[in-house]
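**Student:** Here is what each chain is made of, one letter per residue.
Number of protein chains: 2
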Amino acid sequence: MTSSIKAFAPGNISCIFKIHEDQNPEKMGSLGLGFTVNKGVIVEVAFSDKNEILLNNKNIDFPTVKNVVNKLAPKQNIKIKIDSELPLGSGFGISGASALATAYALNKLLNLNLENLQLAKIAHVAEVENRTGLGDVVNQYYGGFFLREVPSSEFKVEKILLDDITMYCKYFSELSTKEVISNEKMKQSINESASEALQEINKLEKNSITFSDLITISKKFAQKSGLLMDEKVISTIKEIEKNGGHASMIMLGNAVFSDIPFNESLEIRLANIPTKLL
Amino acid sequence: MTSSIKAFAPGNISCIFKIHEDQNPEKMGSLGLGFTVNKGVIVEVAFSDKNEILLNNKNIDFPTVKNVVNKLAPKQNIKIKIDSELPLGSGFGISGASALATAYALNKLLNLNLENLQLAKIAHVAEVENRTGLGDVVNQYYGGFFLREVPSSEFKVEKILLDDITMYCKYFSELSTKEVISNEKMKQSINESASEALQEINKLEKNSITFSDLITISKKFAQKSGLLMDEKVISTIKEIEKNGGHASMIMLGNAVFSDIPFNESLEIRLANIPTKLL
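Residue numbers (numbering that gives the first Met the number 0), protein chains in the order written: chain A, 0 to 277; chain B, 0 to 277.
Some hints could be false.
For chains that are exact copies, the list does not tell them apart, and a pair is met inside one copy or across any two.
[What the hints assert, rightly or not] The calculated lysine-lysine pairs, modelled on BS3-like cross-linking and capped at a C-alpha distance of 25 Å, are:
hint: 1; residue 1: K38; residue 2: K155
hint: 2; residue 1: K169; residue 2: K219
hint: 3; residue 1: K80; residue 2: K205
hint: 4; residue 1: K5; residue 2: K184
hint: 5; residue 1: K186; residue 2: K231
hint: 6; residue 1: K202; residue 2: K219
hint: 7; residue 1: K202; residue 2: K70
hint: 8; residue 1: K120; residue 2: K158
hint: 9; residue 1: K107; residue 2: K65
hint: 10; residue 1: K184; residue 2: K155
hint: 11; residue 1: K218; residue 2: K186
hint: 12; residue 1: K120; residue 2: K74
hint: 13; residue 1: K65; residue 2: K231
hint: 14; residue 1: K120; residue 2: K202
hint: 15; residue 1: K57; residue 2: K237
hint: 16; residue 1: K223; residue 2: K186
hint: 17; residue 1: K155; residue 2: K275
hint: 18; residue 1: K158; residue 2: K5
hint: 19; residue 1: K218; residue 2: K38
hint: 20; residue 1: K155; residue 2: K70
hint: 21; residue 1: K186; residue 2: K219
I should point out that these hints are in silico values taken from the structure, not numbers from a laboratory.
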């Protein structure tokens with residue numbers, strides 16, 4: 000690469016989500032609860048002789064990222080190099096992070112002079128159109144622990160007053176976001192359970208909210224919605240609770256996050272770092 | 000073991016199920032579609048100096064089997080040795096097979112002179128009380144490919160005229176039957192989708208039913224119910240269909256069965272073999 004541009008986007012752990020359907024992908028999104036973390040993706044973009052996308056040095060068909068490239072660089076050949084410390088398809092919002100960091104980097108590479116919010120909206124639409132995520136991009140744009148009481152497509156979030164938290168997570172297997180959010184019955188079940196969970200959060204005293212409160216509500220959502228059914232995820236959460244911790248399922252993956260360390264867990268931190276050029 | 004008794008019970012692959020709730024575990028069960036296979040469990044029981052259960056030579060806490068032992072041998076110490084070629088918790092009905100073969104073997108060991116149907120009902124109740132299965136035992140008692148249009152607790156099945164079929168399966172990860180069938184929303188979603196599927200089966204000409212027809216209907220059930228959400232299961236089914244085969248998800252596990260071989264699949268046969276003493 001002769002001249003390349005790099006951008007970073009944080010991973011996002013979604014704890015609770017409610018699907019907001021709309022025919023218009025610019026208006027579709029989700030409400031819910033989630034937070035960005037100190038690990039994420041670094042995307043490097045450069046002109047090339049062909050269009051290609053690499054994830055951790057392997058060629059990959061990545062429709063969500065391709066969607067962003069097609070919109071921002073329809074006429075150029077671009078090489079997109081994504082480095083991710085977190086796995087794709089496991090609830091860490093890596094598709095959203097990749098789309099967003101790609102948009103930031105392409106904007107600079109091509110001197111498009113678009114505002115960050117415009118880039119974030121393009122990344123959000125790419126996620127929605129490919130059904131890879133509904134609410135990660137808005138969190139990754141701002142960076143932090145957020146409650147979304149209006150659809151993510153509006154890019155309005157409410158900050159949760161929690162910072163500098165160490166947590167632990169472990170990934171077991173992938174769930175298909177596309178399959179889940181396209182399923183009418185699951186959607187209904189998820190949305191009813193999410194409404195209850197969001198009401199519970201609203202009953203908490205905002206200034207003294209604790210991480211363990213939010214995990215407890217998130218776990219109830221995971222159970223009631225029917226998304227929590229993987230045996231390994233269930234037994235891991237039980238084990239953590241037996242040891243005095245709190246844990247829930249990462250949305251959407253067969254993965255667990257917890258406030259105490261557990262067997263082979265990865266240490267990760269809540270981080271108020273927005274997506275940015277490097 | 001000075002004197003021991005052995006029994007065999009076949010594995011059972013459940014394709015479609017509808018939960019029939021009842022406060023009384025003797026009346027709770029499921030409707031649906033499923034078939035027994037040529038692989039299963041061999042259970043060996045013998046008097047011992049302590050109660051213990053081994054699965055493939057490892058001590059295991061196996062409440063469903065313990066339930067059967069408590070009912071049939073409340074006063075004796077019994078060693079239960081289960082050998083299974085198929086994994087537990089993956090949709091092959093291994094908990095039901097273990098409970099049923101244990102019941103047959105204990106009946107002989109203790110000279111209880113209970114009828115096979117009584118033993119099967121005890122195994123069925125053990126499954127229901129532990130929420131490890133709802134419809135495997137009835138199939139394993141008779142052996143074969145069956146449609147159940149009344150709850151499994153009634154032990155009335157309708158034979159599907161298919162025999163001598165080779166199929167292929169692969170297991171990825173465990174789902175919690177207990178979590179799924181205890182969840183109100185999932186139950187509703189499963190039951191609505193199962194009713195539609197059973198109606199579709201009833202529209203087929205019974206004498207010319209094909210395995211591929213039944214797989215296609217089963218897959219629709221898996222999708223609509225929301226149970227099919229594991230990325231590996233979804234991509235495996237897609238790959239099989241691309242190669243001209245038919246495939247669906249084994250209920251309840253993140254596992255696939257197919258009418259054509261696929262990557263690292265296990266060959267297995269539909270087998271009309273009932274549970275029996277060896």
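**Student:** None of the hints should be skipped; say for each whether it holds.
**Tutor:** Now for the hints, and whether the structure bears them out:
Taking CA atoms no more than 25 Å apart as the test, K38 paired with K155 passes inside one copy only; the shortest distance there is 23 Å, against 56 Å between copies. Taking the closest pair of Cα atoms, K169 and K219 come within 25 Å of each other only inside a single copy of the chain (19 Å); across copies the shortest separation is 32 Å, beyond that limit. For the homomeric pair K80 and K205, neither the shortest alpha-carbon distance inside one copy (41 Å) nor that between copies (56 Å) is at most 25 Å. In this assembly of identical chains, K5 and K184 lie within 25 Å of each other by CA distance neither inside one copy nor across copies; the values are 41 Å within and 45 Å between.
Within a single copy, K186 and K231 get their C-alpha atoms as close as 24 Å, and across copies as close as 21 Å, so both meet the 25 Å cut-off. In this homomeric assembly, K202 and K219 come within 25 Å of each other (Cα to Cα) only inside a single copy, at 15 Å, whereas the closest approach across copies is 40 Å. Neither within a single protomer nor between protomers do K202 and K70 lie at most 25 Å apart by alpha-carbon distance, with minima of 42 Å and 48 Å respectively. Taking the closest pair of Cα atoms, K120 and K158 come within 25 Å of each other only inside a single copy of the chain (20 Å); across copies the shortest separation is 56 Å, beyond that limit.
Taking identical chains as interchangeable, the C-alpha atoms of K107 and K65 lie at most 25 Å apart only when both belong to the same chain, with a minimum of 17 Å there against 66 Å between chains. In this homomeric assembly, K184 and K155 never come within 25 Å of each other (Cα to Cα): the closest approach is 28 Å inside a single copy and 30 Å across copies. Taking identical chains as interchangeable, the C-alpha atoms of K218 and K186 lie at most 25 Å apart whether they share a chain (17 Å) or sit on different chains (19 Å). Proximity of K120 and K74 under a CA criterion of 25 Å is satisfied intra-copy only: 21 Å inside one chain copy versus 69 Å between copies.
Taking the shortest alpha-carbon separations for K65 and K231, only the inter-copy value of 23 Å comes in at or below 25 Å, while the best intra-copy value is 34 Å. Taking the shortest Cα distances, K120 and K202 never come within 25 Å of each other, neither inside one copy (31 Å) nor across copies (48 Å). With identical chains, the CA atoms of K57 and K237 are at most 25 Å apart between copies only, with a shortest distance of 23 Å across copies and 37 Å within one. Taking the shortest Cα distances, K223 and K186 sit within 25 Å of each other both inside one copy (12 Å) and across copies (11 Å).
With identical chains, the CA atoms of K155 and K275 are at most 25 Å apart within one copy only, with a shortest distance of 19 Å there and 65 Å across copies. In this assembly of identical chains, K158 and K5 lie within 25 Å of each other by CA distance neither inside one copy nor across copies; the values are 28 Å within and 63 Å between. Taking the shortest alpha-carbon separations for K218 and K38, only the intra-copy value of 23 Å comes in at or below 25 Å, while the best inter-copy value is 38 Å. In this assembly of identical chains, the alpha carbons of K155 and K70 lie at most 25 Å apart only when taken from the same copy (24 Å versus 60 Å across copies).
For the identical chains of this complex, K186 and K219 are neighbours both inside a copy (16 Å) and across copies (17 Å), given an alpha-carbon limit of 25 Å.
Figure legend: structure checked against the earlier numbered hints; hints not met, in rising order: 3, 4, 7, 10, 14, 18.
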